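A.B. asks: What follows is each chain in one-letter form.
6 protein chains.
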Amino acid sequence: MNYTGFIFVEGGSEIDSSNWRHPEIVDIVRRSLAEDVGSGDVTTDTCVPVDLIAKGVFLAREPMIVVGVDLLPILYDKEDIEILNENGSCVSEGTEFISVRGSARRLLTLERTALNFLQRLSGIAVMVSKFVKAVEGTGCVILDTRKTTPGLRRLEKLAVRAGGGFNHRFGLSDAVLIKNNHIAAAGGLTQAVERAKRQSRLPVEVEVRNLVELEEALAAGIAHLMLDNFTPELVCRAIRKVAGRAKVEVSGGITLENIREYSNAGPDFISVGAVTHSAPAVDISFRLL
Amino acid sequence: MNYTGFIFVEGGSEIDSSNWRHPEIVDIVRRSLAEDVGSGDVTTDTCVPVDLIAKGVFLAREPMIVVGVDLLPILYDKEDIEILNENGSCVSEGTEFISVRGSARRLLTLERTALNFLQRLSGIAVMVSKFVKAVEGTGCVILDTRKTTPGLRRLEKLAVRAGGGFNHRFGLSDAVLIKNNHIAAAGGLTQAVERAKRQSRLPVEVEVRNLVELEEALAAGIAHLMLDNFTPELVCRAIRKVAGRAKVEVSGGITLENIREYSNAGPDFISVGAVTHSAPAVDISFRLL
Amino acid sequence: MNYTGFIFVEGGSEIDSSNWRHPEIVDIVRRSLAEDVGSGDVTTDTCVPVDLIAKGVFLAREPMIVVGVDLLPILYDKEDIEILNENGSCVSEGTEFISVRGSARRLLTLERTALNFLQRLSGIAVMVSKFVKAVEGTGCVILDTRKTTPGLRRLEKLAVRAGGGFNHRFGLSDAVLIKNNHIAAAGGLTQAVERAKRQSRLPVEVEVRNLVELEEALAAGIAHLMLDNFTPELVCRAIRKVAGRAKVEVSGGITLENIREYSNAGPDFISVGAVTHSAPAVDISFRLL
Amino acid sequence: MNYTGFIFVEGGSEIDSSNWRHPEIVDIVRRSLAEDVGSGDVTTDTCVPVDLIAKGVFLAREPMIVVGVDLLPILYDKEDIEILNENGSCVSEGTEFISVRGSARRLLTLERTALNFLQRLSGIAVMVSKFVKAVEGTGCVILDTRKTTPGLRRLEKLAVRAGGGFNHRFGLSDAVLIKNNHIAAAGGLTQAVERAKRQSRLPVEVEVRNLVELEEALAAGIAHLMLDNFTPELVCRAIRKVAGRAKVEVSGGITLENIREYSNAGPDFISVGAVTHSAPAVDISFRLL
Amino acid sequence: MNYTGFIFVEGGSEIDSSNWRHPEIVDIVRRSLAEDVGSGDVTTDTCVPVDLIAKGVFLAREPMIVVGVDLLPILYDKEDIEILNENGSCVSEGTEFISVRGSARRLLTLERTALNFLQRLSGIAVMVSKFVKAVEGTGCVILDTRKTTPGLRRLEKLAVRAGGGFNHRFGLSDAVLIKNNHIAAAGGLTQAVERAKRQSRLPVEVEVRNLVELEEALAAGIAHLMLDNFTPELVCRAIRKVAGRAKVEVSGGITLENIREYSNAGPDFISVGAVTHSAPAVDISFRLL
Amino acid sequence: MNYTGFIFVEGGSEIDSSNWRHPEIVDIVRRSLAEDVGSGDVTTDTCVPVDLIAKGVFLAREPMIVVGVDLLPILYDKEDIEILNENGSCVSEGTEFISVRGSARRLLTLERTALNFLQRLSGIAVMVSKFVKAVEGTGCVILDTRKTTPGLRRLEKLAVRAGGGFNHRFGLSDAVLIKNNHIAAAGGLTQAVERAKRQSRLPVEVEVRNLVELEEALAAGIAHLMLDNFTPELVCRAIRKVAGRAKVEVSGGITLENIREYSNAGPDFISVGAVTHSAPAVDISFRLL
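Residue numbers (my numbering), protein chains in the order written: chain X, 1 to 289; chain V, 1 to 289; chain Y, 1 to 289; chain G, 1 to 289; chain C, 1 to 289; chain R, 1 to 289.
Rather than coming from a laboratory, the hints here were simulated on the basis of the structure.
Values in this document were obtained by computation on a predicted structure and should not be read as measured data.
Which copy is meant is left open, so a pair is good if it fits within one copy or across any two.
The list that follows gives simulated cross-link-like pairs (lysine to any residue, SDA-like), each with its CA atoms no further than 20 angstroms apart:
(1) K55 with F286
(2) K179 with L52
(3) K179 with H224
(4) K179 with P49
Please work from the sequences and hints to get the whole structure.
C.D. replies: Below, the structure is given as structure tokens:
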């Protein structure tokens with residue numbers, strides 16, 4: 001039941017296979033299968049003999065990171081599963097990373113559901129790992145956001161970890177993060193911060209849109225700033241201003257093209273919504289042997 | 001309760017707002033909210049006065065297609081929602097397409113959950129519409145696949161429709177689609193087709209990997225062929241061979257760059273997994289007024 | 001996860017015991033038990049010693065077909081079950097077809113729930129088998145309908161198969177079946193067919209009420225006709241008119257008394273709602289040894 | 001939330017429409033709809049214009065008793081329903097007993113699910129009413145059993161009431177009912193009765209198979225006897241023996257043919273499993289106007 | 001599936017460990033765990049090495065009765081559990097009554113959820129046992145009420161049994177219990193009793209507030225009377241009046257201080273709401289070895 | 001969706017009535033009703049005329065704090081509810097704080113379920129308010145713990161707020177709280193703190209058992225200390241040692257008798273498990289008018 005919440009900054013906690021047995025995860029896996037099967041797999045049931053036993057392998061069709069193999073026992077309840085590459089492994093194109101043996105019909109009926117999970121989660125890990133690599137040596141940490149797929153947050157946060165990133169807030173209850181709209185509703189940044197600090201002991205992060213707001217946040221004693229939609233150059237100036245008084249997180253408009261420039265400016269964190277809302281799936285196939 | 005299943009080929013059925021009231025959709029919306037809220041929205045609850053009434057708008061940050069606005073009444077149960085642009089509308093950057101009025105706290109707590117649905121569904125529609133535009137004039141129809149996000153298939157299939165695409169099978173029970181692994185398990189393409197035709201009256205589609213298999217499928221009387229991972233040139237040759245005896249669907253490795261070349265070859269359908277498994281989210285923001 | 005949908009016409013797919021492990025079936029079995037047990041089995045808990053171990057048998061009280069034995073492991077989670085006659089077996093009066101050994105209390109508490117499933121499903125299979133026998137030699141296939149017990153469709157369709165019948169549509173998404181009301185709403189049979197064919201590639205079946213409609217359906221290119229409430233004589237004339245251009249299904253008012261006359265007319269299928277909506281339960285008892 | 005349990009002997013409690021809003025009933029209605037709709041109603045969605053408004057009526061195709069009309073508002077959430085004949089009304093062939101007005105597509109998609117409930121529940125009420133009529137004037141009360149359809153007990157018990165019958169135990173926790181197997185497990189009828197009486201204050205009923213057991217039950221002070229599989233003549237002798245010391249219930253092998261003979265013998269109750277496990281559905285149709 | 005309903009008066013039925021596997025109990029245990037874990041156990045996941053194996057013990061911090069140990073296998077699905085003192089055992093301060101061995105992280109994450117069940121259920125049993133002891137030798141039986149914690153009734157009724165008490169009604173369907181409000185609504189005690197007796201064969205208990213009502217209830221033939229908020233002296237007079245014609249239950253305002261005085265008056269039962277609505281938890285700790 | 005998590009220290013966020021509409025709360029209310037009703041309310045259904053309309057009031061039988069009135073609309077879906085005293089109001093004995101008007105049967109059937117919620121939640125608030133009053137003037141804040149009733153945490157945390165207390169962690173994911181067992185598993189207090197601080201940015205609180213551990217915790221830079229099972233005198237010494245370097249929370253063995261002595265020592269917080277695990281219910285009755 002690994003914690004997938006507010007910013008593990010060094011090393012993080014090791015991901016434990018018990019994470020993938022969480023009741024909500026078991027539930028989403030089962031509902032996904034039902035969604036696909038409907039009244040039955042007409043192709044398999046007509047084409048494949050009922051008593052045929054077969055072996056199948058999941059095969060990387062491009063270099064990828066293995067994520068989600070611990071979900072397979074939930075799907076294949078009577079089949080034998082052999083996990084050849086553990087969660088988090090980087091594998092090259094052509095690698096067979098899981099093998100399953102059992103009723104040929106079952107293997108074929110479950111194929112697409114298994115692939116839909118594996119491809120999406122691996123896609124996230126791969127995109128994360130590219131951002132991680134792009135900032136290598138700068139000490140900057142890649143974070144995810146709450147811009148996850150409805151219903152899959154727990155899984156996607158685990159995929160971010162598998163890719164070398166860390167997790168920002170799991171949800172709205174983990175930490176205070178004061179944004180534009182909160183500032184507007186509270187009648188000002190200082191007021192918002194004061195209200196939050198007075199009422200809660202959770203960490204308070206403030207999103208600032210310019211150097212004036214940044215000064216105001218520092219004056220309010222904020223130790224974790226999010227620079228929203230700053231240019232790399234402005235990030236440099238901001239970090240000089242902060243001068244170690246707060247952790248600095250850069251957010252908004254980050255791409256693989258510009259992240260190095262941002263990380264060179266020296267922020268502690270860069271958070272990237274794209275890793276969960278826009279990561280393309282990796283190509284994995286299932287082959288019956 | 002619109003049908004989102006096997007290939008609507010002309011006009012399709014109009015999407016009905018009752019689709020978005022399906023019990024499974026209500027369920028996923030509620031679970032997503034619970035996933036985000038956890039034990040409560042600490043930021044909003046500390047920063048925002050409990051009795052502040054406000055108005056907020058959802059705002060396109062880039063040109064996009066509006067999808068999923070019918071989900072909002074499920075989230076905002078006591079607030080007033082005004083849908084300014086109906087499902088399927090194309091709107092330009094800066095358009096305010098929904099406005100909501102009610103408790104400021106509620107508006108802020110529900111913001112991210114609403115955005116996560118709207119951004120993802122719109123992203124799918126936008127990608128579909130690019131593929132549709134790319135084949136304009138060729139008569140070729142863009143189809144989705146079963147490579148959807150676990151738990152969101154029904155919603156994603158509706159987004160494909162909003163983008164101008166059509167729906168291939170909803171799931172395994174809609175039609176027979178004989179692929180590699182089925183052929184292997186059945187002991188040959190002809191055997192697989194015979195078994196399927198003998199046992200079911202549903203449409204039978206066969207995936208072929210080369211012209212030899214294509215001949216075999218035509219000989220077996222198949223009226224719907226999927227050409228898997230063919231080059232555009234090979235598609236041309238295949239369609240000449242088919243000579244109208246079957247509908248032809250092209251699948252595998254289709255990108256915005258190469259789809260025009262493929263569609264020029266004259267297939268009836270091109271199916272694109274990327275529209276559901278790899279569509280980047282569009283940028284939408286929520287602004288409190 | 002056997003397909004229970006659109007008309008398996010020859011041989012059908014073998015029923016696989018994994019069918020009975022479908023999550024929805026597990027769910028209905030558990031809910032039925034809770035429905036019966038309420039706050040506890042007061043009779044058993046007062047009359048039967050807590051540590052008594054016993055053996056019990058399920059016993060056919062009339063000749064019957066065994067259906068649903070694969071449900072028993074869902075109910076008896078700690079007891080030893082021995083299935084003496086497999087799903088689909090015909091057994092004579094007096095046959096003990098399942099034996100269970102374990103806590104006497106558990107055996108007695110679960111008795112009625114188990115019987116309610118077994119008796120109903122067997123009742124369906126038995127009625128189906130009578131219709132199948134009545135048409136023997138004519139080549140006519142007995143089909144079920146969607147007139148099933150709410151919540152039990154998947155189970156009842158499996159019982160139809162166990163009795164030698166085949167499955168028509170599982171539900172509304174499997175195939176187009178244009179009936180009276182659709183024709184009225186579409187503004188005519190031809191219009192309805194055209195709309196359906198233009199928009200979907202699923203098989204289209206049309207229900208006709210007389211020879212005029214039959215001609216119209218054939219003219220519209222329909223390959224599967226349902227003759228609704230025709231007399232046997234009219235079925236003869238219809239089939240002569242069709243002259244092989246379409247499969248012919250007879251429906252409406254079919255009884256064991258008149259089915260032979262209908263089948264002699266030569267239709268491909270006869271569908272009988274009564275097998276699921278009006279099959280009397282067979283008599284099975286549970287006897288503690 | 002009407003009580004549907006242990007033997008209402010005179011007048012019973014009036015059935016209240018709030019019974020039909022029980023959470024479990026709402027749940028079974030919704031699941032049944034999902035079961036039928038699958039990925040959507042392909043026929044309606046292709047044939048019927050999306051904006052067509054229509055009116056439809058439910059029509060008795062044979063004389064019947066109206067049961068379950070209170071379920072319709074659960075299905076038709078946005079349509080206008082007019083109930084023309086209340087729950088429990090006897091209507092003649094041709095009666096339109098409910099009318100619904102709204103989206104033509106919705107009316108057609110929901111038709112079969114509504115009919116499956118109405119036909120089954122009415123079928124039960126009709127069969128019950130025949131048994132009630134058969135014993136008219138004898139003072140004998142017709143009871144149901146626990147031999148109900150899995151998942152539908154609450155609904156079926158309400159249907160029994162609509163037909164003029166009364167409800168025996170709702171489930172295992174309502175009353176003690178000592179049968180064969182309990183006697184065997186307890187080591188004798190007297191022992192079973194003693195154990196039950198000592199431990200519970202609920203009513204105790206004992207099933208006896210012959211006059212010897214009947215004597216033993218009376219000696220044990222039992223005030224409610226079930227005569228299991230007795231001939232009418234044996235029932236006469238039993239009742240003379242009982243001489244008013246206990247209520248007498250006749251059970252087992254009761255048919256419409258023999259029930260009068262049984263009731264003439266003077267039992268207080270006759271319980272008939274067939275009314276729930278073997279009642280044929282009545283014929284109801286839905287007609288779009 | 002032990003019966004937890006209407007007044008087991010002597011010996012009761014032995015509690016069976018299968019009671020604790022009821023689907024509703026499994027469900028509440030899982031929901032409670034999810035409630036506590038949220039997005040993960042941040043303390044354990046950061047402080048405790050992922051591969052540390054440990055042993056832990058549940059330890060009585062005061063003399064107590066062990067209740068609910070059969071719930072632990074539901075929580076600890078992969079760990080080894082050793083139950084050292086069975087359900088219902090009285091243990092002294094310092095007793096280690098359960099030991100668990102497995103992943104240290106799992107043991108710590110599950111600790112609080114396990115303790116919350118064990119402490120509450122034991123607290124109930126302990127309070128019950130004090131009431132039982134206080135009436136020792138008088139033959140008076142301690143009963144619970146329906147004043148239980150929402151969602152936990154089944155568990156709390158089992159805890160009452162473990163403490164030596166017995167169970168009154170499980171819920172509203174077990175027996176008729178006519179109270180003030182019913183009498184008011186029925187237009188009088190006699191009318192209420194008549195309506196109930198005419199319509200149901202379940203046991204009828206009547207709550208009376210004074211000797212006049214008591215006379216009226218006896219005149220109406222009631223065999224089970226509840227004396228509501230009587231003084232001990234009035235209970236004496238009431239019991240003399242009853243003179244064995246009915247079982248007498250005392251209810252309302254019972255405390256450990258006054259119960260002996262009440263029981264000396266000779267009632268058959270005393271029911272105590274406090275045992276479920278106001279029992280303080282016992283002190284149990286979990287210690288990692 | 002009010003936050004019920006980590007220590008609101010001043011003023012707290014106002015409780016919003018939308019809190020009581022959380023899906024999990026709706027769910028527990030409905031399940032509790034089903035738990036009580038079973039197969040129906042036999043008393044009400046026999047004694048009370050079906051069409052009787054009545055008014056009833058909830059009445060404080062002792063001075064109490066009103067909590068949970070917002071739950072009533074979930075239960076009484078068709079009745080008129082008038083809330084006469086808002087959530088959090090202190091009312092004297094005899095106050096009618098809610099009135100309901102509707103079907104007499106409905107009012108009586110729902111009575112116990114409503115009372116079970118109101119009595120328990122008010123009981124918590126009352127006990128909290130006594131602790132709050134006991135520390136009045138010392139500036140010390142009363143906190144709850146995670147020792148809540150399984151399944152009711154969200155409700156109980158709201159009750160604590162209604163009583164003037166504040167909420168410590170909602171669950172395991174809100175903050176790091178290092179206890180004995182974590183220290184043991186981590187190999188020492190300093191190691192545990194370092195692991196936690198390195199890996200998470202959430203607030204870290206440490207439980208210390210003596211002044212040596214307190215020193216170690218301060219040396220490790222901990223700003224929130226929990227003194228576990230300290231005497232009041234030791235608390236004094238501890239607070240002098242801390243000298244403002246950390247917030248101090250006292251926990252363990254706190255009673256109404258000794259809390260003043262503790263609070264006089266000057267801690268910031270005192271957390272009391274008893275308010276949720278051992279608060280006796282308040283006495284509320286429902287009276288039909």
